[in-house]
Amino acid sequence: MPKYGMVIDLNKCTSCQACVTACKVENNVQIVSEDDAQHGRAMFWMKMLTMEFDGDYPNIKPKTLPRNCMQCDEPSCIKVCPVRATYIREDGIVAQIYPQCIGCRYCMANCPYTVKVFNWDRQAQPKEVEKTYNPDVSVRPKGIVEKCTFCVHRLQDASEKAKAEHRELEPGDYVPACVEACPVDAITFGDLDDKKSDVSVASRDYRAFGLLEELGTVPKVRYLNAIE
Amino acid sequence: MSYVDLHDEDETLFRPIYETSKSFYIAVVVLTGVFLFGLGCYIHQLLYGLGATGMDEPVSWAFYIVDFVFFIGISHAGTLISAILRLSKAEWRRPITRMAEVITGIVLAIGGLHPVIDLGRPDRILHLFERGRLQSPLLWDLTSVTAYFTASTIYLYIPMIPDIALLRDRGGKLQNLYKILAWGYKGTPKQKHALEKAINILMVMVIPIAISVHTIIAWIFGMTLQPGWHSTIFGPYFVVGAIYSGIAALVIVMIAFRKLYHFEDYLKEIHFQYLGTLLLVVSLLWTYFTFAEYLTTFYGHEPAEMRVFDYKFIGAYWPYFWLMVLVNFVMPVIILSNKKTKTIKGILVASIGVVIGMWLERLIIIIPTLANPRLPYPTGMYTPSITELGIAAAATSAFILGFMGFSKIFPLISIWETKEGRESSVHEVSMRLREYLPGHPEEAKVEASVKAEL
Ligand code: SF4
Ligand code: SF4
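Residue numbers (the numbering used here), protein chains in the order written: chain D, 263 to 490; chain A, 4 to 457.
None of these hints come from the bench; they were simulated from the model.
All figures in this text were calculated on a predicted structure; none of them were measured in a lab.
Every residue gets a Cβ at the ideal spot worked out from N, C-alpha and C, and that includes glycine.
Don't take every hint at face value.
[Said to hold, decoys possible] Taking lysine to aspartate or glutamate pairs in the DMTMM-like style, the calculated list, with each CA pair at most 25 angstroms apart, reads:
| no. | chain 1 | residue 1 | chain 2 | residue 2 |
| --- | --- | --- | --- | --- |
| 1 | D | Lys-341 | D | Glu-476 |
| 2 | D | Lys-325 | D | Asp-456 |
| 3 | D | Lys-325 | A | Glu-305 |
| 4 | D | Lys-265 | D | Asp-456 |
| 5 | A | Lys-200 | A | Glu-22 |
| 6 | D | Lys-274 | D | Glu-442 |
| 7 | D | Lys-425 | D | Asp-455 |
| 8 | A | Lys-189 | A | Glu-446 |
| 9 | A | Lys-271 | A | Glu-420 |
| 10 | A | Lys-189 | A | Glu-308 |
| 11 | D | Lys-341 | A | Asp-126 |
| 12 | D | Lys-325 | A | Glu-426 |
| 13 | D | Lys-393 | D | Asp-419 |
| 14 | A | Lys-271 | A | Asp-13 |
| 15 | D | Lys-341 | A | Glu-426 |
| 16 | A | Lys-182 | A | Asp-11 |
| 17 | D | Lys-404 | A | Asp-126 |
| 18 | D | Lys-423 | D | Glu-390 |
| 19 | D | Lys-404 | A | Glu-133 |
| 20 | D | Lys-341 | A | Asp-268 |
| 21 | A | Lys-343 | A | Asp-268 |
| 22 | D | Lys-341 | A | Asp-144 |
| 23 | A | Lys-182 | A | Asp-172 |
| 24 | D | Lys-286 | D | Asp-455 |
[Stated by the list, open to error] Computed spacing ranges between beta-carbons, pair by pair:
| no. | chain 1 | residue 1 | chain 2 | residue 2 | range |
| --- | --- | --- | --- | --- | --- |
| 25 | A | Glu-423 | D | Glu-336 | 45 to 51 angstroms |
| 26 | D | Pro-320 | A | Ser-340 | 56 to 62 angstroms |
| 27 | A | Thr-149 | D | Ile-489 | 27 to 33 angstroms |
| 28 | A | Thr-153 | D | Thr-394 | 41 to 47 angstroms |
| 29 | A | Thr-153 | D | Glu-314 | 25 to 31 angstroms |
| 30 | A | Leu-50 | D | Ser-421 | 36 to 42 angstroms |
| 31 | A | Pro-322 | D | Tyr-360 | 37 to 43 angstroms |
| 32 | D | Ser-421 | A | Phe-301 | 51 to 57 angstroms |
| 33 | A | Ile-46 | D | Ile-489 | 56 to 62 angstroms |
Work the whole structure out from these sequences, hints included.
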């Protein structure tokens, strides 16, 4: 069984936010009203975080970091869920079962990365958006929690295709939308357990680190530090 | 035969059941209005979703959870305190226990509903039973609150049976209800014995259940990894806080209904003096826990913890934090340790302060942690919406209404226990007292001396 993981190279990342947009479109993530967005209810599975500012105004240089769900191997979120609406799969993906979630938001309160987003309400989406909905991903109703799933529907697609073609799943067959969209190839994705895979090699790079690793969540999304 | 012909010594205690003043009706109308408003707010929330609240990211738990912890805390007034007083054979408990137990029952029902109000999908509540995961502290909580509710309702009901029998024998309104609830109680020695045994078993059982309830509520927070929550002290800290707010609420209710129903002869200054002392002791205990908790955080100086700490002490929440210190520590200690100010009025002021302070404490524990996530997210200031305020007001008026309603059906002060106190415990206590002293007391002698004294 593979163990899917991701490495994001902060040296390459230009903060263009292509991944942020690609993710939002791919996963039919709700676009909220301006009011709600002002209120801190904007919904993103992939988010550009400003970690710190270097220098003084006006010559500031923000240090940013694209942040999705860390797909922890020891996830705090699933421990507390009262109904198993979030669980970890054998391949390491932390998934969400939408029809099961009761919206208690305990998992949100316990994710150290504050990754999960809640559907505070369900608003009418712009016509253009509705036309381009991804048919592979369900549209979530109000009152439940959601988060990045490593585009698990793409994995399903790819395995079915491989099966139909009577072959094993190959490394490049399955990649999440953010990886595909990144114009500078800053994101590597694949099987962490395969010691020869790009992602596994990158995850052991001397620049590699995990966000808040010290908490023991064992994030499977790792970063390569930016070095001048 | 109507009740007026019965000249009971304790007629005052029966009166509220049969006589209702005009101001009572006015209060009912006003409170029902508030309650209906809150109900409207909830329906709005059901239709519109939790977007109707002021919650956002990262403050994804707010008013409802604060109220939940607060109300369940108040519920410790009752059963726990009354069980401890009964167990320690404190004679002054007699007019107090019933009210304490009623508070528990009502407040527990209201508090227990709050997590449901807070759910994004209340229609899926049954999932908790169908596929609940026992590893989640929320399930522990569900279990312990249900257990506490069951135990405390029984614990309220059983000691009420002789009183219900008294009401049944008087005739008059609600005959059928009393007949069923009295369970054929006639006060025979055998029945009395069984009753006492049941009370004894229940009171021992109820104490650990009560403690577990608030410990587990604390663990909902304590079990997470979040700064400001992840603390081993939380269980006992919450229990002490719960007892603290519970006693304060009990004092307020007692003073209000003493005035309303003219119970001055039953709830005397001395009862409030004792409760005041109890309040003072718990106040110091609470302060000790608070101090220990924050000093440890401060001394450790972990960055994530310190962000939450600063948010409370000097950041956006400083007014709430220091107000809490004022009304939970400074005020009660000054008022209650001073003979001049430790009057019924003074104790009332201190208790109102404590109830407000304990609500603030819950607020201060829950929101600053959520508002200061470990990663640098922009965070706004949480402000509750009308919906949340409306529901909180409705919950409070539901409590008062429930209490008022109860007082129209059952006596608020245990009549048989008062009678029993008058008839037999003077002798019993003197006997007990003499037993503490060297030598062997002889029953006949003690009785004679008690009679002489009286
Ligand atoms: S980052 Fe948060 S939501 Fe994602 S797996 Fe870890 S704990 Fe769960
Ligand atoms: S919000 Fe949903 S997924 Fe999260 S803990 Fe509650 S039931 Fe589980």
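Results of checking the hints against the structure:
1. With a C-alpha separation of about 18 angstroms, the suggested pair Lys-341/D and Glu-476/D falls inside the 25 angstroms cut-off, and the hint holds.
2. A distance of roughly 31 angstroms separates the Cα atoms of Lys-325/D and Asp-456/D; the hinted pair therefore is violated under the 25 angstroms criterion.
3. At most 25 angstroms may separate the alpha-carbon atoms for a hinted pair to count; Lys-325/D and Glu-305/A meet this at roughly 23 angstroms.
4. Note on Lys-265/D and Asp-456/D: the hinted pairing holds, with a Cα-Cα distance of about 8 angstroms set against a maximum of 25 angstroms.
5. With a C-alpha separation of about 34 angstroms, the suggested pair Lys-200/A and Glu-22/A falls outside the 25 angstroms cut-off, and the hint is violated.
6. Restraint check for Lys-274/D and Glu-442/D: satisfied, since their Cα atoms lie roughly 15 angstroms apart, inside the 25 angstroms limit.
7. For the hint linking Lys-425/D to Asp-455/D, the alpha-carbon distance of about 22 angstroms falls within 25 angstroms, and the restraint holds.
8. Of the supplied pair hints, the one linking Lys-189/A and Glu-446/A is violated, its CA atoms being roughly 29 angstroms apart against a limit of 25 angstroms.
9. Between the alpha carbons of Lys-271/A and Glu-420/A the distance comes to roughly 16 angstroms, so the proposed pair stays at or under 25 angstroms and holds.
10. Of the pairs offered as hints, the one joining Lys-189/A and Glu-308/A is violated, with about 61 angstroms between alpha carbons and a cut-off of 25 angstroms exceeded.
11. At most 25 angstroms may separate the alpha-carbon atoms for a hinted pair to count; Lys-341/D and Asp-126/A meet this at roughly 23 angstroms.
12. Distance hint between Lys-325/D and Glu-426/A is unfulfilled; the C-alpha atoms sit about 80 angstroms from each other, more than 25 angstroms.
13. Between Lys-393/D and Asp-419/D the alpha-carbon distance is near 21 angstroms, which keeps this suggested pair within the 25 angstroms criterion.
14. Distance restraint check for Lys-271/A and Asp-13/A: the Cα-Cα separation of roughly 15 angstroms lies within the 25 angstroms cut-off, and the hinted pair is therefore satisfied.
15. Between Lys-341/D and Glu-426/A the CA atoms are separated by roughly 57 angstroms; this puts the pair beyond 25 angstroms, and the hint is violated.
16. For the given pair, Lys-182/A sits about 20 angstroms from Asp-11/A by alpha-carbon distance, which is consistent with the 25 angstroms threshold.
17. Restraint check: the Cα-Cα separation between Lys-404/D and Asp-126/A comes to about 12 angstroms, which is no more than 25 angstroms; the hinted pair holds.
18. Pair hint Lys-423/D plus Glu-390/D does not hold up; C-alpha atoms about 29 angstroms apart against a cutoff of 25 angstroms.
19. Of the pairs offered as hints, the one joining Lys-404/D and Glu-133/A holds, with about 22 angstroms between alpha carbons and a cut-off of 25 angstroms not exceeded.
20. Only pairs whose Cα atoms come within 25 angstroms are accepted, and Lys-341/D paired with Asp-268/A is rejected, the gap being roughly 55 angstroms.
21. Restraint check for Lys-343/A and Asp-268/A: satisfied, since their Cα atoms lie roughly 22 angstroms apart, inside the 25 angstroms limit.
22. At roughly 15 angstroms between alpha-carbon atoms, Lys-341/D and Asp-144/A fall within 25 angstroms of each other, so this suggested pair holds.
23. A distance of roughly 9 angstroms separates the Cα atoms of Lys-182/A and Asp-172/A; the hinted pair therefore holds under the 25 angstroms criterion.
24. Note on Lys-286/D and Asp-455/D: the hinted pairing is violated, with a Cα-Cα distance of about 29 angstroms set against a maximum of 25 angstroms.
25. As the Cβ distance of Glu-423/A to Glu-336/D is approximately 59 angstroms, the hint placing it in 45 to 51 angstroms is violated.
26. For the hinted restraint 56 to 62 angstroms between Pro-320/D and Ser-340/A, the CB-CB distance of approximately 59 angstroms keeps it satisfied.
27. Separation of Thr-149/A from Ile-489/D is about 57 angstroms and departs from the stated range, judged on CB atoms against 27 to 33 angstroms.
28. Between Thr-153/A and Thr-394/D the C-beta distance comes to about 53 angstroms, which lies outside the given range of 41 to 47 angstroms.
29. Take Thr-153/A and Glu-314/D: their Cβ atoms lie about 53 angstroms apart, and the range 25 to 31 angstroms is violated.
30. In this structure, Leu-50/A and Ser-421/D meet the distance hint of 36 to 42 angstroms, their C-beta atoms being roughly 41 angstroms apart.
31. A beta carbon spacing of about 41 angstroms between Pro-322/A and Tyr-360/D agrees with the range 37 to 43 angstroms that was offered as a hint.
32. Checked against the hint of 51 to 57 angstroms, the pair Ser-421/D and Phe-301/A passes, with Cβ atoms roughly 53 angstroms apart.
33. Take Ile-46/A and Ile-489/D: their Cβ atoms lie about 57 angstroms apart, and the range 56 to 62 angstroms holds.
Of the numbered hints listed earlier, those contradicted by the structure are 2, 5, 8, 10, 12, 15, 18, 20, 24, 25, 27, 28 and 29.
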